Structure formats: structure tokens, C-alpha cells
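Participant: For the record, the sequence lines run as chains A and B.
Residues in the first sequence are numbered from 1 upward in steps of one, following our numbering.
Residues in the second sequence are numbered from 1 upward in steps of one, following our numbering.
Among the clues, some could well be false.
Taking lysine to any residue and the SDA-like style, the derived pairs with C-alpha atoms no more than 20 Å apart in a straight line are [what the hints assert, rightly or not]:
1. B/K152 - A/M270
2. A/K36 - B/Q156
3. B/K104 - A/P21
4. B/K150 - A/E14
5. B/K104 - A/F54
6. B/K164 - A/D160
7. B/K150 - A/M60
8. B/K150 - A/F261
Calculated from the structure, these hints are not laboratory results.
All values derive from a computational prediction rather than experimental measurement.
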Amino acid sequence: MPPPVSSLPDELVEEFLLHLPSDTPASLVRAGLVCKRWCRLISGAGFRRKFHEFHRSSPMLGFLYYQRDIAGDHVARFIPISASCPPAHHAGDDGSHCGMSPWDSPWPLYSSEAGTWSDNKPSSGWIHGDHVSWRRSALVENQLYFVSARNKRIIEYDLDTREISVIDLPAANSVCNNELLCPALVELTTMEDGRLGFTRVENFRLSLWSRQVEGAGWELSKVIDLGTFSVPHGQGHYCPYLVGSAEGIGVVLLWVKGVLFTVDLRSKQMIKVYAGLYPSIGLVVPYLNFYTPGISYQCPSNL
Amino acid sequence: MEVDKGKGEAEETRKVAEADRDTVTLKSSDGKLFEVSKEAAARLSTVLAGMIAGGSIDDNGTDLKQIGSEALENVVDYCNKHANSIPSAALISSSISFNTAPFKEPEEWERKFVDRLSHDALFDLVEAANFLGMERLLDVTCHKISEMMKGKSPDQIREVFNIKNDYTKEELEEIRQELAWAFYDD
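Throw the hints in and build the complete structure from the sequences for me.
Facilitator: Now the structure itself:
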């Protein structure tokens, strides 16, 4: 009797190869080394597309973060988190220098028609000394939203009218009220129904807020308890830092005492992804992608 | 003409009787008969749904010549179990923005269902599910097969699936060097 796998048609072998986990790129490489037929299927032109369609959401293979180097410059580093992930030069930008604030003006707006920068201030609601944070922005219809550097306001830029307005956030319910140790960092998101939303750590809870349809208020959509992260520090507590988010897969990134965690907003599951991020990090940009190996070895097409 | 009319009426009556039945009878390649819930069969298999809708279901056992009795028994078992299974309360949050899950993880009973199968029975069931257009059963069985590869080296995968290594030592070395990162854990 022939072995069952060898007797299966290509379409079925491909079907179970598609079920291999997308967050462990090495599993595809190993499968490709089983036999030449599997290698041909995995390196085939359509496999990447089908793999993408099957798994839909790109897995988080690693992340970029800023770190101050010896010279005091901010350097972006790539850290792979997936078990056996392709090295950094395959996946992301490693070692490129990034300036912290390229503009002196807090409101630099570039007009591609005029080819010039202009300074466009909001008409009201602005606090002197605040500026636009470099965290994730969100687009809802024709409005582009940014977080203010002090995390207390959202800046709304209307792409049609080019007007800037300021939206106040609900007051954060924080334990220590120490903005330096426990800044209530804000990550913007777009809710499923298209509304503007944001996540924030408040009093050892991760809160997901969404903007009310009627009026300018906010409503609390979800709360995830982070009590397990409560680490005493001096007189207060060590608050988890909200350092980034992976929009599209509903994951936010928390930094707690040098350890990076992902929190799945849907299942509330928390996974430790990387330890040893010191001394502190301001922003983590997750790297989400499919990685299907392009094995340069020429798999004979008649197998 | 009278005879033909009578025949037609009998045919109509038979079809009506068949349509009233809650189950359909399927016949395996080796002639064994299996009863399956009509509702579940139509919902889970595009091929059976087409046959039921098209009236090509044979009351005395619809021939499925490509499927052996063991695989067909599993198909029928799956359909009947599925018909009785209570949909689990899925963790769906309407307010959070993500893409909808592309593949729903097998439920507990689906896991148990494929875990008890022998190696050969599992592969026969994959083929049967594919033949009958049973997308969910195909997903569940293929998922099980992919899990059998989890954390295994190419050598171990070959052993599990009884696959002959048709690479030369040099070819393997070439690929291993090119994609060395994939073998850090070995």
C-alpha cells in the first residue's frame, strides 16, 4: 500500500500546508525540505497569495523600536519575536537613524500644490507647549486624528477644509498621577463601525474608548484588567506603558519593566513577547507580515 | 399514455416521500449503507446539498463510489454530531476593529473527533471531505495534519508521513545554508 500522503493530489497537500501557522515562518521552510514536491508547492507562484488569503491577518513577526545609542541619537532597532524568524535585514529596517522632532513648529503642514510648509494653528483649545505626538494617527472618513504629546487631547485635521480642531479626552483614572512615571499614553484606533477610538492604561486597566456618535463625548467600550502587572515602585506603582498597537489584528503592546507584552483586545490574552528592553522605550512599531520562503533551490516542476 | 401518467405520479409520490424524510441514505464504495441527517448533510456538504436539491438522492442508498465505508462512516458521524452540536458562544466583540477571523479553530468536539482517527483514516477522511465539498471538515482535518508537523524537523515530518527524501545531501545543505535562520531551534 502506498503511503497516504504521496497518493494525495497536489491540491490537498497544499491545503494542509496552508494550515501551517503564519506566525512561525520556519515551519514553512522545514516543510519545504521534506521533499521536492512540497518544496515546489510552497515556493509556487500562488502559494503566498493563498497563504495570505487563508490566514487573512498578517502575524506580528517582530517590532521596531527606538533606542538611544551611545552618541545620544535615537536609533531604530528591529527585534524578531516569532520563533525562528527571518533575520532583521530580511524583514525590517535596522539601524537607521530617526530624528525625534524634525520641525520647530508644532503645526507643520505641507502643501504639495504650493510646495511649502506652513504653520496652521487650531483656533481654540490649544495649550502652549504641547505638540503633535509621533504616535499612530487614525483616519476616520475625511478627518485625520493625532494624539497630542501630552496625551490629553486629540487633534483633528479636516482634509477638506484643512481646519485643525482640538478634542479633549476624558480624564484618565490613574493611581499615582505622576505623569513622568505613569503617563496615560494614548493609542488611536478605528472602531469596527468606523468611529474613532483609543486605548489607554488607567489604574491598571486597559481601557478602550470610542467616540460617541451624537455629541462630542466618549464611551468606555471595553476594559481589560492589568492587575497582574502591578509592581510597586517607591511610593507608587510601576504602570504598564502603552507603547504601540497593531491595528487590524486588535493587539496593543505594553511595556512593563523591560518586558514587552501583546494584549489581544478580543480574547484579552496577554503574551510576553520580548524581555530586555531597557532603559525605556517610547514607541514600538509592530512588524506585521506574511513570510513565505522563496527557496532559490530550483524545485523540478515535474515532481 | 395512461401508463406513463401513472409512472409519473408514482415518481412524484416517491419524490415527495423522499423530501419528507429527515435523513438521506448514502452507500459507500464497498456497498455499506449509512443514514445521515438531511439538514446537516445539505448544510455541510456542497455536493450533497446539490444532490438533495436536484432530487438525485436515491432512497435505497446514494452511491458514493469514491468513498470507502470507514471514511463514509466518519463523514456521517461528523454530520450527525454537527447537527446536534450547540454553537459555542464565540468571542465576538462588535465594537473592536479587526479583520474577521479567517479560520475558526476547531471546537473541542471537532478536535476529539479527528484525534481518535488513525493516520490512514485521517487521510481518507481528508479525501472524502474534499470530494464531498465539506469545507469545514476539510479545514478541521487539514488543521490536524498541519499540527502533526508542529515543531518537527524535516526528518521527523518525513517519518510521521512516511515520505521518501528525494533531496541529495548537497541539495539539503544548500537550502539549509541559505535559510539558516529557520533551523536555530534544531
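Participant: List in ascending order the numbers of the hints, as given earlier, that are violated by the structure.
Facilitator: 1, 6, 8
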